[in-house]
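Chains as they are written, first to last, in the working numbering: chain R, 1 to 617; chain B, 1001 to 1305.
Check the hints yourself; a few may be wrong.
Here chain B is said to cover these stretches of chain R; the calculated rule only asks that three of the stretch's residues, wherever they fall, bring their Cβ under 8 Å from a Cβ of chain B [stated by the list, open to error]:
| no. | region |
| --- | --- |
| 1 | 215–227 |
| 2 | 473–486 |
| 3 | 501–515 |
So the derived list for chain B, only partly shown, Cβ under 7 Å to chain R, looks like this [stated by the list, open to error]:
| no. | residue |
| --- | --- |
| 4 | Leu-1085 |
| 5 | Gln-1172 |
| 6 | Ile-1239 |
| 7 | Asp-1240 |
Worth flagging that the hints you see were computed from the coordinates, not collected in a lab.
Every residue, glycine too, gets a C-beta built ideally from N, C-alpha and C.
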Amino acid sequence: MPENQAPIQQLQPGYVLVDRYAIQMVIGVGGMGSVYRARDLHFPNVVKLVAVKEMINQAPDPLVRKTIVQNFEREANILVALSHTSIPKIFDYFTFEDRSYLVLEYIHGKDLEAVLNETEGFLPEDMVIGWAIELCDVLQYLHNHKPEPIIFRDMKPSNVMVNQQGHIMLVDFGIAKIFRAGQKGTMIGTEGYSPPEQYRGEATPLADIYALGATMHHLLTHRDPRLEPPFTFAERPVRKENPSISPELEAVINTALQYNPLDRFQSAEAMKEALTVVARKTGALSRIAVGTSQITNETSIKPLWTFKCEDEIRGTPTCDGGMVFVGAYDNNMYALNAADGQFVWKFPTEGGIVSKPLVNEGVVYFGSEDGNLYAISSRTGKIQWSYHTNAPIRCSPRLAEGHVFFGSDDGFFNAVNIMTNRLTWQVDASTPIRSAPAISGDLIYFGCESGDFYSVDFRGQTKWRYKAKRAITSSPLVSQGVVFFASVDSSFYALDAKSGWIIWRFRMGKGSVSSPCRAENDVFIGSADGFIYSVEATNAKEIWRFKTDHQVSGSPVIYKDALYCGSADGNLYCIEYKSGRLRWKFSTGGAITGTPVINNDVLYVGSADHLLYALVA
Amino acid sequence: MKWEWRRFLFSFVKKIFHGKKTTFSDVQTAPLSEEQLKAVSIAPVALRPLQLLVGSAQSIGKQRDHNEDSLFTLNAILADGTSELPFGIFMIADGMGGHQHGEIASGVAVRAFSHYMLSRLYLPFINLISESPGESIQELMETAVHESQQAVVRRAPGGGTTLTAALVLGEQVTIAHVGDSRAYFVYPDGRMQVITHDHSLVHRLVELGQLNEDEALSHPQRNVLYRAVGQSEPYRPDIDTYQLPHPGSLLICSDGLWSVVAENQVFRIIKNAANPSIACHELVKAANDAGGPDNISVVLVQFLA
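Throw the hints in and build the complete structure from the sequences for me.
Now the structure itself:
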């Protein structure tokens, strides 16, 4: 880099500017120069601290440079005349070589961006309302300035300081912008807080109202608007990120953030008034529409029928040919009439059944905790054959190429020929396999309790292996060349199906044994942290999360425009899958740990209350 | 060579149909279904190992006096019996600023990005003692963008650049994107799918209905990006993973191409070119023929499988 392009020098501590301001330290760095804390040497007997804001004139053209200095002095003259408790006093201004300086009241405190960075979780609503009311007050003062209203133009958390008394100060007037006019070329960086009309060159008091709304949005949601695409506040109302916020306050912020300036509060006074009302919680804001979601009363959901087993249903039913098959912890596999829930047959095993039955050409395949894989006639309930492993089978079998594939708690993953009922090959994973395999193209995928994830071909050769930190009980989903699954290590994974390279990892609050499902570009999964998540398949961005009251061990399913998922809180939830809004929920008498199955608009789900429910989806 | 072969094939086809009186206007036609298209467009031979065919081209354009674009391509295959993995990094950066540093920002960003990806992803992969990667591809890509950001701030302060980088691993392509350069999937049936999202202010204002397309074209801030590598405000790059289209290709270009040459013309050029290198050359030529108002950079990747 040539020497003349070296970064611009900052003033060093100890340097005395214009024989008066002893620089102590840099307290901020902006695009145009630095801000220093300095001591005013005109007061030798007391320590008077000031803030010295430096603006470097980088315009190459001498005429432009001169205009910039003139503009600076004109603006400084306006600011000097301002008097408000929330505006720092200006003591002095001068231009020295290629730099102009503004000497201001030094504020003991920190700016709201720093406050946000130091805050875990959310700032209290009352505190933000208090600051916002003070900001409205100072905006009201500026907007009513004569002869011309003063537009602040740059409201954002880093330009608002909180002093030691907890009051706010507006610190960075747009004066620095004058120095930016001297630069040509493409502007870089977003305001994030500025309204759309500011980009048409319009700056009115209503632009400050919008920016205050944007600042409040950031403070309450902890989501930096500069990290989000511009003008997306409408898609991200504050309560979506922080449900503890009152709907009334959300309505005020939404009004301030309207894209059309005429739809916003028409003055800072009006916004202050609305905030005061929220603060008093009088409910006088009812004329502003508060988004209410239409939730069907849960008592209105009545099951079409129920069927009672002798013990808990922890697994997932299967619907095929007008019949529903479900295993229970009373050791039986049941076959019921799908239309009315009438008992058709049951098949007793020696252990609990959590494995989801697989039906193929009149045969029901499932595993039991007695260690056997059973093949039962779907019509008669008579056993055709069984295959014994040395430990409980909790994995749900899959069928391909004339073989049934399943894992066992004995640590082996098996391929059993359904014609000969003989083992063709097995993979020794040396750890229980409870994850149901996924079969895609010429590869089979499954997870293990050790955290290993396998991809094997139809000869039983391992193609690749991935190791998660803890157990993978979740059953993988393969879609568009990517395999998705969750682990008890709290991550939701996307791996390249061919090579096993990890594409992304999504962090959840706790581990998960839930299995993912997909609709378009969204993937869905439950977690022991009680949430159901919707995540973009291509980039792991969270679209929404839905809170249930207990662990979500079951898996979501998509049917038409809705997602259905049970929770250990006993409820089955019906959620709009695009928005994450609850449509209805249905309470059962026990935890739901299996996955609902939907066929012809009828949903079947089992519960730990021993019942299998049939509901209209 | 290829041309000769085609001519031969053409005359051969003519011989077969010689004497047939049917003219095209007599024939009832209907668009082919997706299945039919697949059947006619996939080459009957399966190429092993899977591989990428890559072309690139760059021009200063007709109206600028210096080039602020940078591009980078790297195409590698490792096939050793157990694994067979095409690997590629393809990248375009369009520098800006008007500042003295705008020119070097794009080169700095491209170097920092590719250096990081090669040392953190590819070198460990070809290392004999291979460890499974601790970070996901998307995390690595995000850090690589961050490295570019740091490098631009350090080496070209005040400058900025767009960055559109594609990492191909196997059949997946992961795109890291900041700014208004673009990546497209080009399908044999003529579909051109923009897979990046322009981080330009006018694009966003058009989406919101605050500007119409015409206003956007003449807007004084039409070149303003709300995200660029080198900006002082924090931002997050777009990072997405897709399945590479096959048959089809991946096109990455600076706005010197996409804002100048119409999509259907871009498609025609790609379709008619003998190989990706010639296609890129023709695309740059088309932009210059249309006035060449800006620097032009193009990378075209075809997945042969």
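Hint by hint, here is what the structure shows:
1. 215–227: holds (count 3)
2. 473–486: With 3 residues close enough to chain B, the hint holds.
3. 501–515: Satisfied; 5 residues make the cut.
4. Leu-1085: holds (6 Å)
5. Gln-1172: Status holds, d = 5 Å.
6. Ile-1239: Ile-1239 (chain B) check passes; min Cβ-Cβ to chain R is 6 Å, inside 7 Å.
7. Asp-1240: holds (4 Å)
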